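Trainee: Residues per chain, in single letters:
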Amino acid sequence: MSFTVNLRDVTLKYGDSDALADVDLTLEAGKIYGLLGRNGAGKTSLLSLIAAFRKPTTGQILVGGEPVWENAPIVSRVALIREGGDFDDSDYVKAAIETGQIRPGFDTDYAYKLADRFELPLKKRVRELSRGKRSTLAAVCGLAARAELTMFDEVHLGMDAPTRDAFYKELLAEYMDRQHTVILSTHLIDEVANYLEEVVIVDRGRILRHEDVETFQGMGATLTGQADAVDAVAAGLEVLAEQRLGGTKSVTVATRLDAPTRERAAAAGIEIGPVGLQDLFIHLTEPGKNGA
Amino acid sequence: MAALANLQLPTRRYALGVSLPGEALKYFRYWILAAVAISFLGPLALSRYNDIDLSTWFYTANVAKWFTAFIGGGFLAVLVPNMIAVGLTRRELSVSMGIFGLLWSLSLGAVVFAGIALERAYYHAMGWSQGIDANDVVAPIGSWSETLGFAAVYPLVYLVYFTAGALIGAASYRWEGTGWLLLVPVIPIVFSLDNALYNTEPFGPGWAGFLGGFIDDWGRGVVLAGIALVLAGLALATHRILTDIPLRSKKA
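Here the protein sequences line up with chains A and B, keeping their order. If you count the first sequence from 1, position 181 lands on 181 in the working numbering, and the numbers rise without skipping. If you count the second sequence from 1, position 2 lands on 2 in the working numbering, and the numbers rise without skipping.
No wet-lab data here; the hints were simulated from the structure. The model shown is predicted, which means the values in this text are computed figures rather than measured ones. Any given hint could be a false lead.
[Unchecked claim] A few chain A residues that face chain B, going by a derived Cβ cut-off under 10 Å, partial list only:
#: 1; residue: Pro104
#: 2; residue: Phe106
#: 3; residue: Ala147
#: 4; residue: Gly276
[What the hints assert, rightly or not] Simulated pairs of lysine-lysine, PhoX-like, Cα-Cα distance not exceeding 20 Å:
#: 5; chain 1: A; residue 1: Lys133; chain 2: B; residue 2: Lys250
#: 6; chain 1: A; residue 1: Lys113; chain 2: A; residue 2: Lys123
#: 7; chain 1: A; residue 1: Lys13; chain 2: A; residue 2: Lys31
#: 8; chain 1: A; residue 1: Lys31; chain 2: A; residue 2: Lys94
#: 9; chain 1: A; residue 1: Lys13; chain 2: B; residue 2: Lys250
#: 10; chain 1: A; residue 1: Lys133; chain 2: A; residue 2: Lys113
#: 11; chain 1: B; residue 1: Lys26; chain 2: A; residue 2: Lys123
#: 12; chain 1: A; residue 1: Lys124; chain 2: A; residue 2: Lys31
#: 13; chain 1: A; residue 1: Lys55; chain 2: A; residue 2: Lys13
#: 14; chain 1: A; residue 1: Lys249; chain 2: B; residue 2: Lys26
#: 15; chain 1: A; residue 1: Lys113; chain 2: A; residue 2: Lys31
#: 16; chain 1: A; residue 1: Lys94; chain 2: A; residue 2: Lys55
#: 17; chain 1: B; residue 1: Lys26; chain 2: A; residue 2: Lys124
#: 18; chain 1: A; residue 1: Lys124; chain 2: A; residue 2: Lys94
#: 19; chain 1: A; residue 1: Lys55; chain 2: B; residue 2: Lys26
#: 20; chain 1: A; residue 1: Lys124; chain 2: A; residue 2: Lys169
#: 21; chain 1: A; residue 1: Lys113; chain 2: A; residue 2: Lys94
#: 22; chain 1: A; residue 1: Lys123; chain 2: A; residue 2: Lys133
Note that beta-carbon positions come from the ideal geometry of N, C-alpha and C, so glycine has one too.
Construct the complete structure from the given sequences, taking the supplied hints into account.
Mentor: Printed below as a string of structure tokens:
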């Protein structure tokens, strides 16, 4: 069993300012979601509400069809792992892992297996860990929670590239083994793009877009070929990014290509690929854009 | 927390509450052992130069009140983010803290009770007088029954200090920067009732005992009832703050 998430007309205020405003969002169970947004867009606030870390100012939040606030059978199966984790810094790493046993579903053996794989020093205190190791500890606790809804909020910060890669692979393996709902909030968009099934973009406290990855990728295209030919086809289209290597050029456009343009591109020997999620995200959340 | 293995959802709040005194004891074990050692060996060392007419355990028991308040507040402030992040509800945490406070106060009260009784025998064997500093006069605690009666209320006193500490801890977490201001009403009330109970010189910030002037003439039973009433109020206030508490955002 995995959890659905429903937010209905949710607003969260900090003082007079809206961190989130009039948010309606439905996430189906058993998928991997990417939560994207610029700094301060409201991603962490959104995740905090879903995990009942805080209460909305107005609106309703249902997880697994039930109100999440103070609902022990639900929150015990929801895991939100924030950057660096929520640990008692004076605890030993071993004790910090064992604290997860508050959750009836926590898999201690799996946690130790992961701790061993990621070379976590069990006998060190949490405060003695490097930022990367601390993030890894948080990720390990999140995976071992065996929750029905697991959310990672920038948990990769400080991890080196091999550790991040190993974490993503482990996350996917755990997901394949036991289908559950996963939300990944990250700025390293291209790194996780291949793992995502749907993407939610938050911008200035509102849900800007919620689509499956294919829909996003169909919103634009990447044209690669001889520079002159690419420039000719891209003329008049909205260009998001371009790269050039010798005579070869690659241009990302935020325009769905119509049939005549595709034919023209093919005739000119231009390869057409999907748009990069990161380029599209930058385009959609550009200051001054309304997201349309 | 190794004691938490194989928890069941309906009973985990109780298991957590029962495990916490052990965690606190483990964390502060050397401090506690040092306090016990000093309480018994201190008078022995001092007796070479002075007459011993004051109970060292009385001072140890008083220090333990502030220590207990620190435990209540400190543990709560640490446990709020720690436990909510691992899927405990605030109500469950409130119940766990209640059990923790009760067990901690009973255990510490029992240790102090035993310590004062042992000290009585120890002082008697050494030919010393076991007294307390009662408003500038050293007053002997009294007979065995008076000594035991004197020591018997410590669990209740520790519980009220624990709860006061928990309230300040919850408020400090809830209202970062201003929550500690709850100290202003809480300390004088608890401190004055405590001083009225023992009719001694204030042990701690003397100004905080200013309410003593109004309650010094109350009988012991009325003071005890007042402490119980204040305890209930503190527990209710802590529960109310705790069950609505948001987790703070992480700082970069």
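Trainee: Determine for every hint whether it applies to the structure shown.
Mentor: Evaluated hints:
{"no.": "1", "hint": "Pro104", "verdict": "5 Å, holds"}
{"no.": "2", "hint": "Phe106", "verdict": "8 Å, holds"}
{"no.": "3", "hint": "Ala147", "verdict": "8 Å, holds"}
{"no.": "4", "hint": "Gly276", "verdict": "27 Å, violated"}
{"no.": "5", "hint": "A/Lys133 - B/Lys250", "verdict": "17 Å, holds"}
{"no.": "6", "hint": "A/Lys113 - A/Lys123", "verdict": "15 Å, holds"}
{"no.": "7", "hint": "A/Lys13 - A/Lys31", "verdict": "29 Å, violated"}
{"no.": "8", "hint": "A/Lys31 - A/Lys94", "verdict": "31 Å, violated"}
{"no.": "9", "hint": "A/Lys13 - B/Lys250", "verdict": "17 Å, holds"}
{"no.": "10", "hint": "A/Lys133 - A/Lys113", "verdict": "15 Å, holds"}
{"no.": "11", "hint": "B/Lys26 - A/Lys123", "verdict": "16 Å, holds"}
{"no.": "12", "hint": "A/Lys124 - A/Lys31", "verdict": "36 Å, violated"}
{"no.": "13", "hint": "A/Lys55 - A/Lys13", "verdict": "10 Å, holds"}
{"no.": "14", "hint": "A/Lys249 - B/Lys26", "verdict": "65 Å, violated"}
{"no.": "15", "hint": "A/Lys113 - A/Lys31", "verdict": "25 Å, violated"}
{"no.": "16", "hint": "A/Lys94 - A/Lys55", "verdict": "31 Å, violated"}
{"no.": "17", "hint": "B/Lys26 - A/Lys124", "verdict": "17 Å, holds"}
{"no.": "18", "hint": "A/Lys124 - A/Lys94", "verdict": "8 Å, holds"}
{"no.": "19", "hint": "A/Lys55 - B/Lys26", "verdict": "35 Å, violated"}
{"no.": "20", "hint": "A/Lys124 - A/Lys169", "verdict": "26 Å, violated"}
{"no.": "21", "hint": "A/Lys113 - A/Lys94", "verdict": "12 Å, holds"}
{"no.": "22", "hint": "A/Lys123 - A/Lys133", "verdict": "13 Å, holds"}
Against the hints set out earlier in the document, violations occur for numbers 4, 7, 8, 12, 14, 15, 16, 19 and 20.
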